[in-house]
Amino acid sequence: MTDILKFSVPGKPEYVGTVRLAVSSLANCAGFDVEAVEDIKVAVSEACTNVVCHCKPECERFYEVACELGDGRIIISVMDNAGGYDVSKYQIPAIEQPKEGGLGIFIIKALMDEVDIFSELGLGTSIKMVKYLNRI
Amino acid sequence: MSLQLQSSYNKDLGQWELTAKGEVDISTAPQLREVLDGAYREVKADIFLRLDELTYIDSTGLGVIIGAFGRMQESKNRITLINPKDNIKKLLSITNLDRILCSEI
Chain A
1 MTDILKFSVP GKPEYVGTVR LAVSSLANCA GFDVEAVEDI KVAVSEACTN
51 VVCHCKPECE RFYEVACELG DGRIIISVMD NAGGYDVSKY QIPAIEQPKE
101 GGLGIFIIKA LMDEVDIFSE LGLGTSIKMV KYLNRI
Chain B
1 MSLQLQSSYN KDLGQWELTA KGEVDISTAP QLREVLDGAY REVKADIFLR
51 LDELTYIDST GLGVIIGAFG RMQESKNRIT LINPKDNIKK LLSITNLDRI
101 LCSEI
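Chains as they are written, first to last, in the numbering used here: chain A, 1 to 136; chain B, 1 to 105.
Be careful, since some hints might not be right.
[Unchecked claim] A short list of chain A residues far from chain B (calculated; beta carbon distances all over 10 Å):
| # | residue |
| --- | --- |
| 1 | G17 |
| 2 | S45 |
| 3 | T49 |
| 4 | L103 |
| 5 | I107 |
[To be verified] Straight-line Cα separation of at most 20 Å, SDA-like style, residue types lysine to any residue; simulated pairs:
| # | chain 1 | residue 1 | chain 2 | residue 2 |
| --- | --- | --- | --- | --- |
| 6 | B | K85 | A | G17 |
| 7 | A | K12 | B | Q31 |
| 8 | B | K11 | B | D46 |
Don't read these hints as lab results, they were simulated from the structure.
Just so you know, these numbers come straight off a predicted model, no measurement behind them.
For glycine and all other residues, C-beta sits at the position ideal for the given N, C-alpha and C.
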């Protein structure tokens, strides 16, 4: 038995914090410990930030955040129609030469148990993130 | 969800002492960039950024600090993060930025 909550969010920087608070509140109620809630909070925020950063003026003004709770896990999907990108061109940030950008996906993958990124050029991107309860 | 920044130049030690309170994310990162760049434009010196009361930072905030770090390297100056909370320490560790930004960790 799972519950699904969906948020439709304007692609503006000022609402990323609202999503962060809402999703961390959900994760807290679902029984995740403080550190896991913090991981989920950061990961969701990074995914939303990616959308807002890459949202071109002509793209749709809203993106969707869906949270699926149940079966001992939370699944969060952040979906946009901001035009997509070539996932194969993503490069892991070089530790010795830190750059200003490109850390978001790296951080999401480090904090969540499972991460899947689907992107279609000309359409949009969906980041699906899973965190399990009681996983060390 | 706001960010408060304070900066003062310590003439005796010849260094900037900055304090960040609150949250740094995509909406507040430009404020951090402005204060870091503004201070460094005024006096080119090492920057010590106190994070005792910073509760949240994300990749955009870290990116701003990396940018400042890069620009300061040209003049052999450093930016050092002081006393980050555990959640921020974790992010610094994941990204390996603790090695270049945190002398005390």
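**Report entry** Interface exclusion of S45/A relative to chain B, criterion Cβ beyond 10 Å
**Finding:** Since the minimum Cβ distance to chain B is about 5 Å, S45/A lies within 10 Å and the statement is violated.
**Report entry** Least C-beta distance from G17/A to chain B larger than 10 Å
**Finding:** violated, 4 Å
Query raised in the report: Within a Cα-Cα threshold of 20 Å, do K85/B and G17/A meet the stated pairing?
Result: Status holds; Cα separation ~19 Å.
**Report entry** Beyond 10 Å from every chain B Cβ - status for I107/A
**Finding:** Not fine: 6 Å to the nearest Cβ puts I107/A too close to chain B.
Query raised in the report: Keeping to a limit of 20 Å between CA atoms, is the pair of K12/A and Q31/B held or broken?
Result: holds, 16 Å
Requested in this report: Mind checking the alpha carbons of K11/B and D46/B for me, to see if they're no more than 20 Å apart?
Outcome: OK: K11/B and D46/B at ~12 Å, within 20 Å.
**Report entry** Separation of L103/A from chain B, once the least beta-carbon distance is taken, above 10 Å
**Finding:** Since the minimum Cβ distance to chain B is about 4 Å, L103/A lies within 10 Å and the statement is violated.
Query - Distance rule for T49/A, whose beta carbon must clear each one in chain B by more than 10 Å - result: Violated, because the least Cβ-Cβ distance between T49/A and chain B comes to about 5 Å, which does not exceed 10 Å.
Consistency with the previously given hints fails for numbers 1, 2, 3, 4, 5, ordered from lowest to highest.
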